[in-house]
Amino acid sequence: DTGVSQDPRHKITKRGQNVTFRCDPISEHNRLYWYRQTLGQGPEFLTYFQNEAQLEKSRLLSDRFSAERPKGSFSTLEIQRTEQGDSAMYLCASSLERGDTEAFFGQGTRLTVV
Amino acid sequence: AQKVTQAQTEISVVEKEDVTLDCVYETRDTTYYLFWYKQPPSGELVFLIRRNSFDEQNEISGRYSWNFQKSTSSFNFTITASQVVDSAVYFCALSEGGGGSEKLVFGKGTKLTVNP
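From first to last, the protein sequence lines stand for chains A and B. Residues in the first sequence are numbered from 25 upward in steps of one, following our numbering. Residues in the second sequence are numbered from 5 upward in steps of one, following our numbering.
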C-alpha cells in the first residue's frame with residue numbers, strides 16, 4: 025500500500041455539471057477525511073467518516089455536496105451543479121481510529137470550473 | 005473557536021541559513037493537538053510532527069526542531085542549515101479533543117523558498 029490515492033488528479037468541468045471524486049485510503053485506516061484548499065489558503069475541513077458512518081459535516085458542505093463511504097473503504101465526493109466558486113483542490117486523508125496517530129493525505133484532485 | 009495564525013506569508017532564505025516559521029493558535033480546550041505539515045509543489049501534505057497539549061517538551065528531528073510554548077500559545081518550527089529541498093509551503097494545524105487527527109484547523113501557510 026503506497027498511501028492515500030485520489031482520482032482524478034485534475035478535473036475541468038463546465039459550470040452546472042456534476043462531478044465525482046474518488047479517494048482510496050490506506051487499507052487499515054478506518055477514518056477518512058475530506059478537505060478543500062483554495063489558492064493561498066490552508067485546507068478547510070469538509071467532512072469525515074469512521075468506517076461507513078459520516079460523523080461530522082462542516083457548514084462549508086452545502087446541499088450540493090455529498091460524500092459517501094459505502095463499504096467503509098473508498099469514498100466518493102460528489103458536487104452537483106458546480107459553480108466557479110467550487111474551483112479548488114480537494115484533499116482526502118485517512119488515519120487510524122486511535123488518538124495517537126496522524127492523518128496521511130493524498131495528492132488531491134484539482135477542480136477547475138469554467 | 006479554534007484558530008491558527010501563521011503571520012509569515014512568504015520567507016526567502018539562502019541555503020544553509022537557519023529559518024523559523026511562526027505559529028500562534030487559539031483554543032478554549034485544555035486538550036488539543038498541534039501539527040506541522042509540509043506541502044511541496046506536488047500538492048501532497050506531508051506530516052512532520054504532532055504534539056499534544058500536555059507535552060511541552062521541545063523536539064528535535066535532524067535539522068528540524070519545534071518549540072511549543074503554552075504560555076504564548078505558540079508552536080514554532082525551525083529548520084537549521086536550510087536546503088533547497090526544504091522549499092515548500094508549511095502549514096501549522098490544530099485539533100481539539102482527545103482524538104488527535106479529526107477536524108484539523110489549518111493556518112494559511114508559510115511559503116518557504118530556499119535559494120542556492
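Hints in this document: simulated from the structure, not taken from any laboratory. Heads up, a few of these hints could be off.
Okay, derived cross-link-like pairs now, DSS-like style, lysine-lysine, Cα gap no bigger than 27 Å in a straight line [stated by the list, open to error]: (1) A:35 <-> B:74; (2) B:20 <-> A:81; (3) B:107 <-> A:95; (4) B:7 <-> A:35; (5) A:81 <-> B:112; (6) A:35 <-> A:95; (7) B:42 <-> A:81; (8) B:112 <-> A:35; (9) A:35 <-> B:115.
Structure-based check of all given hints:
no. : hint           : verdict
1   : A:35 <-> B:74  : violated, 42 Å
2   : B:20 <-> A:81  : violated, 44 Å
3   : B:107 <-> A:95 : holds, 22 Å
4   : B:7 <-> A:35   : violated, 31 Å
5   : A:81 <-> B:112 : holds, 21 Å
6   : A:35 <-> A:95  : holds, 25 Å
7   : B:42 <-> A:81  : holds, 25 Å
8   : B:112 <-> A:35 : holds, 24 Å
9   : A:35 <-> B:115 : holds, 25 Å
This entry does not satisfy hints 1, 2 and 4, going by the numbered hints stated previously.
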